[in-house]
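Chemist: Okay, here's what each chain looks like letter by letter:
2 protein chains.
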Amino acid sequence: MPIYKAPTRDTRFIVNEVVRVADYTHLAGFENATQDMTDAVIEEAGRFVSEVVAPLNRVGDIEGCTRHPDASVTTPTGFKEAYRQYVEGGWPTLVGPEAFGGQGLPHVIGFVMEEYMCSANHAFAMYPGLANGAISAILSKGSPEQQAKYLPKMVSGEWLGTMNLTEPHCGTDLGLIRTRAEPQADGSYAITGTKIFISAGDHDLTENIIHLVLAKTPGAPESSKGISLFIVPKFLVNDDGSLGAKNAVSVGSIEHKMGIHGNATCVMNYEDAKGWIVGEENKGLAAMFVMMNAARLGVGIQGLGQAEAAYQNSVLYAQERRQGRALTGPAEPDQKADPLFVHPDVRRMLMDAKAFTEGMRAFSGWGGLLVDLSHKAATAEERQEADDLISLLTPVIKGYGTDRGYQTATDMQQIWGGHGYIAESGMEQFVRDARIAMIYEGANGVQAMDLVGRKLPMNGGRAVQAFFKLVDDECASAADSGDAVALVAERLGKANGELKAATMWFLQHDMTDRNALGAGAYAYMTLMGIVSLGLMWLKMAKVAAAALAAGTDDTLFYEAKLVTAKHFALRSIPQAGALRREIEAGGETVMALPVEAFATA
Amino acid sequence: MPIYKAPTRDTRFIVNEVVRVADYTHLAGFENATQDMTDAVIEEAGRFVSEVVAPLNRVGDIEGCTRHPDASVTTPTGFKEAYRQYVEGGWPTLVGPEAFGGQGLPHVIGFVMEEYMCSANHAFAMYPGLANGAISAILSKGSPEQQAKYLPKMVSGEWLGTMNLTEPHCGTDLGLIRTRAEPQADGSYAITGTKIFISAGDHDLTENIIHLVLAKTPGAPESSKGISLFIVPKFLVNDDGSLGAKNAVSVGSIEHKMGIHGNATCVMNYEDAKGWIVGEENKGLAAMFVMMNAARLGVGIQGLGQAEAAYQNSVLYAQERRQGRALTGPAEPDQKADPLFVHPDVRRMLMDAKAFTEGMRAFSGWGGLLVDLSHKAATAEERQEADDLISLLTPVIKGYGTDRGYQTATDMQQIWGGHGYIAESGMEQFVRDARIAMIYEGANGVQAMDLVGRKLPMNGGRAVQAFFKLVDDECASAADSGDAVALVAERLGKANGELKAATMWFLQHDMTDRNALGAGAYAYMTLMGIVSLGLMWLKMAKVAAAALAAGTDDTLFYEAKLVTAKHFALRSIPQAGALRREIEAGGETVMALPVEAFATA
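If you read the protein sequences in the order shown, they are chains A and B. Just remember that my numbering sits 45 ahead of the position in the first sequence, which is counted from 1. Just remember that my numbering sits 45 ahead of the position in the second sequence, which is counted from 1.
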């Protein structure tokens, strides 16, 4: 049975010393984020998640969800009670808008909770996770009446929500959707069609579920410019807020998946279901992107969450399991064998995992801050700057975060040897669950194309130039900060140079060879991920060096930050050069062969 | 339902044009390996495996194996009948020794069958696969009486065999085993103990199973120098070859695993079971390594097999699934969307897969040739040379082959998007099944240590020096072979330079810093894998260039080889430099932190 203990010490380091959320309490919407407040929330969130949510991870995997003959769906044993406690504890309301009953805390804190929830129980975390996307869309594009009708109960967690985009023949290419929305005399629409892969599509956690559904109105253009977004509640909501009739939406089946068994991934059938349009006709894509951008950041954090949970279990196993001897001679001669911890190759994997999880936690924290600053910073210029950066980095957080999350889960399973392949260990579940995050909310290849094709050229490259400058400035101010910091700065500076060169190469080929962009996009996303984590490690190394210089009770913690920063600089950053060369190889060999050349038989 | 068609065209290219098996028919044991013969075997093997074995892959995953109340074990529906046909077709006998009823074909051909079998059905392939290891051990270390008693029926496939090494508290560190062997008056031993993770430990495919079991005799040294190997048949075998009493060995349980569900991974209980020693007391490790080395090559080929099967399904999907438009404008304007094949990032994954599978297939073919030449080459010097190389490369074939096999299966699943995460697609099974190959028969970290700690220094580095020379010679003779070949040679030469530098670095640190070796071992194994596949691609590119120059009916095939060679050179070989830098980072950051620094909470 795998363990999980929320990494609150490291979270507090990031929130208080790296992202320094309390520095922003002068801004509207940050007033509540004093250090006392955030420390208390972090510790209590960690306790709740570790004690209530984590113990249900295995049972969720084993039982999965059940669709009953009447098409109703029940979640695994314990999920309903845990969700009740989650709502009772007020956890859904953390970052919710105060106007609709939320606590209005910064996204940095919301992201902490998302990490903990996913580490503890990815499948469970998705129920409220999907609702957040639906809330964002209604908040951003819904009418005041829709907001008043749905948001209070969604923010409180009394109702949950879903996002219905994918259809059997279309996922990424939403212009192809076939679900129809016929306008009705009463201002509503009749929604008919089949949606697939609908996470949390139905369940027994809440009495109502607010589906957000993409569909086409009659005569709409045949492209993504012809899709509209609709609110389709499972039960209609009367004007007094009470529940009315069951809507004509039902679960056709639950998918059998590689992982996240505890979440009901549903085929949803809409048959003249009653829906209400969110925003204007044919403007559904913009509303969908509001949901999607929030969801993409959340999914990147899932990569972190899975990696952290797997890492904790392998740290324990490496202490308990004894096998072989240290290369330098027996470490514990009175035992028959040394713990796995003595083996450099085991430690390599643990250090790589530590460098990723702690670096990614900082990256998420910074991302959360940017989300808030894009709305709440004091000046329009600062808001624009933050918006530029988070727009640029969202595909990196999603793509790089989930790639490395899966890789880390795989490495941590590897430490367990054969025992990690056995279900009881829980290690293989981490791998299976982590795998989905590379696929959903836009497969990572789509993230890479979003980064290279849309985000780089945006406003003449303003965002990426700002990012380069940020990294260079951080490196420049590191010269006198001590050996480890200087080393990290030097290596990071070089990697930033590779990233700039790759960016320049794309600019030169943008017009002449679109396929070269596509062929290099994935390597570019990985390269920017490495530079981003390098930036985080440089920031953390500086904070750690300063804390050690000033004197601290927690020497080990800060010294470990310096060692881990150096580890990342020496062992992950070198990949930057290889990635640049891969990008500069262009698209020729990628595009050269006709389909028939791929047959092997 | 996934498809599989054996890649016989590519196999024949490797066997006939790259490895050139027919060039060796003058050697004893190669006489049968004329091109007519090997072509026929390859095509017929491909047909049998594709038609009979592949269709059972999904049912094996879904049903798994069953342990009944009487402790008997049955395999999934159809396995027994397929195995009967496999035996009837004479497939177990391919490379078996002629003295015991085998066909005595070269290992190159045996490896082809292993690849096809694993592509088609990894779990099924393991039943005969494990028996091969047991046969090798008896052939190499068994007495003439034991060979006469067991080998004919094992070679024919009438009986299967297993390898019983792991115990609950020890896998890699076999010196720790507790299973006891008490000598009996009749010359046999009474074996008592529990073995775990025993693949094909029991089943209904054959009437008898010959277990090879590691155990300790009374007073044996407490290390790997105190283990002995025993034959423990499921049913005792009378002198006339008929079956006698059931032995005291039983299946305690079948493990629940991440994948390879169709293979019964058993907890085996031996309670005073009757066993006969193979070779001498306390010399079990040497006998075990005979099994193990054969098994490790086979497992490396499993990495190839899984990658090939996943690749074929994604090549098909990329043609059928339509989503989005080519970056250069609609490729099929009369359709609503273009096939996935137009997208450079999809093609990147397919080309990477193609470069790995075809390169790895050549590497396996060359490995098979080396195995044979190590026994059958004309001179002692040539035999030693082949033995040096295959000893050096076995951990690379196993470690790099299975790492990249898993990575390729994951990439191929990615092409399917959300549909690849659903069980029905079969894509997620490839990933789950491929995962085990990185773990069993020595986890890949153990392979890396075997390579760096044992194989590099062996005989003063003779083997690795021979490998360097082989690569350099191949590069040197490429200068006038045309653009693509020259490019591959140039890049490969550089990568070989990185490998030499890393090797030199290890030699310099061997005595002073053992942990630096351990910390860099994995990167070194990967680096040598890249150089090995680069070597294969250079060889193949030369053959292809020559064929095109000479004129051929199959222009597309050979042109694709040149493009794919170039793809590997431009997109995989650049990692060599980063891996060298990772190695030269040494062990400092890996070993610096105390255990407590790994706690995050």
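No lab work stands behind these hints, which were simulated from the structure alone. Some hints here could point you the wrong way.
No copy labels: a pair is met if it fits in one copy or bridges any two.
[To be verified] Derived pair list, reagent style DMTMM-like, types lysine to aspartate or glutamate, alpha-carbon separation capped at 25 Å:
#1 K50 to E430
#2 K328 to E212
#3 K381 to D517
#4 K539 to E629
#5 K50 to E96
#6 K381 to E326
#7 K381 to D558
#8 K381 to D518
#9 K270 to E641
#10 K545 to D218
#11 K381 to E227
#12 K539 to E633
#13 K291 to D84
#14 K125 to D379
#15 K270 to D518
#16 K198 to D528
#17 K381 to E212
#18 K125 to E88
#19 K514 to D317
These numbers come from a predicted model, not from an experiment.
Chemist: Could you tell me which of the numbered hints above are not met by this structure, giving the numbers in increasing order?
Modeler: Checked against the structure, the hints that fail are numbers 1, 3, 8, 9, 10, 13, 14, 15, 16, 19, while the rest are satisfied.
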